[in-house]
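> As a plain string of letters, each chain reads:
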Amino acid sequence: MSADDHTIGPGDCGADAGAYVLGALDEHEAEAFRRHLLTCLVCRDEVAALQAATDALHLAVPPLPAPRKLKQRVMSSVHEEPRAPIGRARRRRLRFAPARPALALGITLIVAAGVGLGLGLSAGSSGGTRLVHATVTTPSGSAVVRLVSGHGELIVRGLPAPPRGKIYEVWLERAGGMPSPTSALFSVTSAGSGSVDVPGDLHGVEELLVTPEPLGGSSVPTHAPVILARLS
Amino acid sequence: MQLVHDGEARAFEIIFDRHASMAFSLAYRMCGRRALAEEVVQEAFLSLWRTAARYDGARGSVRSWVLSIVRNRAIDALRRGWTRDSRDVSGDDIADRVAGTERTDVEVARRDEALRIRGALDELSAEQRRVIELAYFGGFSHTEIAEMLGLPVGTVKGRMRLGLAKLRLVLTEPAEMMA
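If you're matching them up, the sequences are chains A and B in order.
This note's numbering puts the first residue of the first sequence at 1, with every later residue one more than the last.
This note's numbering puts the first residue of the second sequence at 1, with every later residue one more than the last.
No lab work stands behind these hints: they were computed from the structure.
It is possible that part of the hints are untrue.
[To be verified] Covered stretches of chain A, going by a simulated chain B footprint (3 or more residues, C-beta under 8 angstroms):
id, region
1, 49-59
2, 196-205
3, 218-231
All C-beta atoms in this analysis are idealised placements derived from N, C-alpha and C, irrespective of residue type, glycine included.
With the hints as extra help, turn the sequences into a complete structure.
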């Protein structure tokens, strides 16, 4: 399948299966193959079989003992960041390295882009619902934060899929602070649509940001934001 | 995992003890540098601590989840600019560096398992093994591999597919024959 051909014809059905389970397809190809899997039982079976082989690959690595100091460092961080039970209390604010260049630069660019393109952040309200239109770095994309009683939902349209091996992560920034990670991770459909509930109470939150991050999420932003919404 | 989800540091420590060796081994294999491997594993486990709620047991084991996070972190680290030329560390080379450390029974069992999987990989053609290792351990996309090896993209995909199919066959054959 070529980079420009998102369809999978009967002749090449399953040709991408190996690259898919190895995570070696480009994102648009992976998305096309995921769609194909929804309708092709043969390929689903093949992917399951090849996935089993792929899962065994890490076992080919001779075991090395993890350095003791590594455990000490990890556990030290864990004890410094006791996590409240999720669902019963808001996640504790996590520390950020100061002056994250990628984030700082990204915010500058995203705000500049918003001003330059006349995409000023705007808000509207209806009843108890307030809509905040966000700035999105991609020309085709749009995003709205829907606020109801201090809780929010981020709704995106026309947003490109996150890069291969990445997922979008939502961050919240309060006055004078650095962005805090949330448990809100999301991707988008092939049409670029998606929505995600923003966890916790958004009172006092000045900005909501979205960055592409590794699949497990990140504690610090590693990429420039692609969405920025000023909530206050 | 439920206890980790609930913020129990002790439960997290048990998860770390169980999987840190495998995680570090994979990170070292991918990065080829001890310091970077440690950084990758540390980031991966702290991510796990902070996002345990996202673990879905129906989608795989804790080990698979941990290792997928480690692998993604390692790929990110490599793509952030660490050179790739020095990380093609052979398994034997890594094993040699374990010399002097005390191996537990678990580690010995894992080493045997590693030898078995490597034996299965040796059953593949060198071309198949190469593209699979570049993708899995190197984090390269099929287009990058095709460019690197001067091959058509379709050839690379074909070698990945046939190589994995053969690997699965080699790994499952003995068990099925004994059943």
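> Compare the structure with each hint and give your call.
Do the hints match the structure? See the list:
1. Closer than 8 angstroms: that is the beta-carbon criterion, and the region 49-59 of chain A has 10 residues meeting it against chain B, so the requirement of 3 holds.
2. Look at the region 196-205 of chain A against chain B: 0 of its residues bring a Cβ nearer than 8 angstroms to a Cβ of that chain, fewer than three, so the hint is violated.
3. Chain B is given as covering the region 218-231 of chain A, and this holds because 3 residues of the stretch bring a CB closer than 8 angstroms to a CB of that chain, at least three being needed.
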